[in-house]
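A.B. asks: Using the sequences plus the hints, can you model the full thing?
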Amino acid sequence: MIVAGCDVGSLTAEAVVMDNGNILGSEIIRVRPKPEQSARDVMEKLLEKLDLVYDDINYCVSTGYGRETISFADSNLSEISCHGRGAHWLDPSVRTVIDVGGQDCKAIKVDGDGLLEDFVMNDKCAAGTGRSLELMSEALGVDVSQLGPLSLDSSEVITITNQCSIFAEMEIMHYLCEDRNIADIAAGINDAMARRVKLLVGKVGIKDRIGITGGVSKNIGVVKNLEQMLGKEFVEFQEDPQIIGALGAAVFAAERVKDLPQRQASR
Amino acid sequence: MRALEELTEVSENLENKYVSDWRNQGKKVVGYVCSYLPEEILYAADILPYRITGKGVKDTSQADSYLTRVNCTFSRCCLELGFSGGFDFLDGAVFINGCDHIRRAYDNWKAHQSALPFMYLLPVPHLINPEGRQWYLEEVVKFKEAIEAYFEVEVIDEKLSEAAAVYNETRRLFKKLYDLRAKDEPPLSGTEVVSILSAAAAMPKKEFNQILSELIEETEASSSKATGKVRLLVAGSLMDDPEFLRNVEDLGAVVVADALCFGAKNFWDLTDESGDVLEALVDRYYNHVPCPRMAGEYSRRFDFVKEQAERAHVDGVILEHIKFCDTHGADNALLKKDFEAAGIPAIELERQYGPLADAGRLRTRAQAFLERIRR
Numbered sequence: 006m007i008v009a010g011c012d013v014g015s016l017t018a019e020a021v022v023m024d025n026g027n028i029l030g031s032e033i034i035r036v037r038p039k040p041e042q043s044a045r046d047v048m049e050k051l052l053e054k055l056d057l058v059y060d061d062i063n064y065c066v067s068t069g070y071g072r073e074t075i076s077f078a079d080s081n082l083s084e085i086s087c088h089g090r091g092a093h094w095l096d097p098s099v100r101t102v103i104d105v106g107g108q109d110c111k112a113i114k115v116d117g118d119g120l121l122e123d124f125v126m127n128d129k130c131a132a133g134t135g136r137s138l139e140l141m142s143e144a145l146g147v148d149v150s151q152l153g154p155l156s157l158d159s160s161e162v163i164t165i166t167n168q169c170s171i172f173a174e175m176e177i178m179h180y181l182c183e184d185r186n187i188a189d190i191a192a193g194i195n196d197a198m199a200r201r202v203k204l205l206v207g208k209v210g211i212k213d214r215i216g217i218t219g220g221v222s223k224n225i226g227v228v229k230n231l232e233q234m235l236g237k238e239f240v241e242f243q244e245d246p247q248i249i250g251a252l253g254a255a256v257f258a259a260e261r262v263k264d265l266p267q268r269q270a271s272r
Numbered sequence: 097m098r099a100l101e102e103l104t105e106v107s108e109n110l111e112n113k114y115v116s117d118w119r120n121q122g123k124k125v126v127g128y129v130c131s132y133l134p135e136e137i138l139y140a141a142d143i144l145p146y147r148i149t150g151k152g153v154k155d156t157s158q159a160d161s162y163l164t165r166v167n168c169t170f171s172r173c174c175l176e177l178g179f180s181g182g183f184d185f186l187d188g189a190v191f192i193n194g195c196d197h198i199r200r201a202y203d204n205w206k207a208h209q210s211a212l213p214f215m216y217l218l219p220v221p222h223l224i225n226p227e228g229r230q231w232y233l234e235e236v237v238k239f240k241e242a243i244e245a246y247f248e249v250e251v252i253d254e255k256l257s258e259a260a261a262v263y264n265e266t267r268r269l270f271k272k273l274y275d276l277r278a279k280d281e282p283p284l285s286g287t288e289v290v291s292i293l294s295a296a297a298a299m300p301k302k303e304f305n306q307i308l309s310e311l312i313e314e315t316e317a318s319s320s321k322a323t324g325k326v327r328l329l330v331a332g333s334l335m336d337d338p339e340f341l342r343n344v345e346d347l348g349a350v351v352v353a354d355a356l357c358f359g360a361k362n363f364w365d366l367t368d369e370s371g372d373v374l375e376a377l378v379d380r381y382y383n384h385v386p387c388p389r390m391a392g393e394y395s396r397r398f399d400f401v402k403e404q405a406e407r408a409h410v411d412g413v414i415l416e417h418i419k420f421c422d423t424h425g426a427d428n429a430l431l432k433k434d435f436e437a438a439g440i441p442a443i444e445l446e447r448q449y450g451p452l453a454d455a456g457r458l459r460t461r462a463q464a465f466l467e468r469i470r471r
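Top line first, the protein sequences correspond to chains A and B.
So in this note's numbering, the last spot in the first sequence is 272, and the numbers never skip.
So in this note's numbering, the last spot in the second sequence is 471, and the numbers never skip.
No lab work stands behind these hints: they were computed from the structure.
As the structure is a prediction and not an experimental result, all values here were calculated from the model.
You can trust all of the hints, since none of them are fake.
Here are the simulated DSSO-like cross-link-like pairs (lysine-lysine), alpha carbons at most 30 angstroms apart as the crow flies:
hint	chain 1	residue 1	chain 2	residue 2
1	A	Lys114	B	Lys325
2	A	Lys208	B	Lys419
3	A	Lys39	B	Lys419
4	A	Lys229	A	Lys203
C.D. replies: In structure tokens form, the structure reads like this:
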């Protein structure tokens with residue numbers, strides 16, 4: 006039974022196709038101005054790769070910021086439920102999921118079935134999100150993907166004190182003018198990011214084990230800092246942590262398709 | 097549902113037809129903020145108390161020039177309406193030092209060319225104790241004298257007693273309405289109730305009581321009942337605009353109870369009609385379910401919210417606060433912890449008041465909260 010999950014976030018869109026409990030494939034693209042277009046583009050790219058067509062998908066759950074506008078989805082769920090479910094599916098020992106996406110950051114607690122138990126999400130502020138990492142790396146003149154590896158070369162972490170992304174960017178400019186070491190500034194950016202995330206995680210409380218998802222989980226500097234601050238080691242996912250929202254949506258889709266016997270028959 | 101339509105219409109217009117009718121009779125209208133103002137004093141002076149709102153404001157550029165980034169959007173919207181003449185139908189305004197945000201809206205409005213002819217600040221103590229009660233009594237007497245002097249009226253005890261009776265009637269009717277909401281099949285949505293509460297604050301109570309009685313009768317007879325939905329209580333910052341709850345209820349929930357200062361917190365306590373009426377009013381307003389601006393009263397507040405949650409057997413509690421509302425924001429963190437410990441799921445939601453409404457983000461959180469409850 007082929008099902009799909011589609012996660013349209015603020016910066017990227019992801020799609021995952023599953024068949025009888027196996028991941029057939031996944032795809033990530035940068036978002037277009039309209040969520041529907043992002044969803045179609047990422048799904049079509051994946052379908053083409055898998056040599057499938059829309060009609061092969063028996064059920065699709067959409068999630069993410071654009072979840073309500075995606076016409077090919079059969080139902081939608083919040084990305085909070087989906088990230089929790091996806092991470093738990095990959096590693097059933099997971100009870101806490103930290104998701105740092107483009108424009109938001111959340112800490113999610115799940116039960117033994119991977120279902121939502123509690124969560125917190127950052128308030129309307131870009132600090133502690135992927136977007137603020139991008140802004141800061143732009144100020145530093147490096148690609149956001151380099152921020153993690155670069156920070157590993159630092160000898161002295163520069164403390165970024167401003168919580169506001171815009172002010173933090175100005176603080177970075179100031180350090181650049183002072184000709185400080187770029188690796189040290191990068192380490193400071195990751196440290197500031199980790200501190201913001203830790204604050205949020207503290208609000209919901211931690212239950213072992215912990216997984217980290219979303220684009221920012223690809224930044225080794227932030228991840229290491231956070232592990233140190235929390236005194237915990239994160240589980241290692243066998244899949245790209247950026248697709249976990251879409252994966253969770255696909256896991257839900259596999260469950261929901263069972264409730265639609267007449268629909269299955271028609272396919 | 098004729099009565100509901102009527103009240104909804106009242107809530108949607110700043111100068112509603114009851115205000116116009118009142119003014120056409122040559123009578124005065126005085127705006128006020130906060131549930132710590134004994135409205136009965138104005139009512140006894142034949143002045144219509146009108147609760148100041150920030151509803152319908154599309155842009156706050158004038159208020160923005162006076163306030164800082166960390167003033168809440170409610171005080172911002174109220175001030176904008178004041179500056180732009182939205183409250184020109186008022187003969188005066190009474191503010192309370194309820195919180196620093198609204199106090200600053202008062203300071204700036206009073207100093208502005210758009211200030212109303214009568215501007216008054218009624219200080220309310222932050223501690224509930226015998227000394228504080230004495231101070232509050234003195235301030236209420238001063239306020240009464242200021243009204244008498246400015247509007248050239250006399251507020252006699254007989255009129256005050258009449259007002260106290262009318263206001264108590266409103267409170268009893270609201271309790272009846274909330275009993276209906278608490279039923280297994282709530283006949284009204286939370287969105288509709290916010291409109292009713294908002295109308296109550298903007299029209300004469302005698303007329304309001306009549307319409308509310310009709311509404312209760314209509315509601316008891318009506319067959320439109322919300323079923324199969326997640327039952328919620330909402331508590332937190334001031335809410336007189338139905339949009340926030342509409343957004344939540346659209347996702348498959350129904351708000352069946354509240355602990356809001358426009359809602360249950362404002363009408364739950366009655367005024368004792370047996371003794372000295374002014375003393376009774378002072379006791380009633382000073383000791384009513386405490387707002388988080390009162391120091392050291394958390395446990396009473398928690399008990400009240402929990403009582404409301406239990407009598408309406410809710411599935412979850414929404415603890416909302418307007419961004420930068422420190423009093424409710426900090427209180428909600430405690431309430432969240434205590435509700436979870438009591439086995440009732442709770443969520444803290446930060447929101448904006450008025451034109452800056454942040455619907456998408458709120459929807460995601462509210463939807464996830466409902467998914468958590470339904471799992």
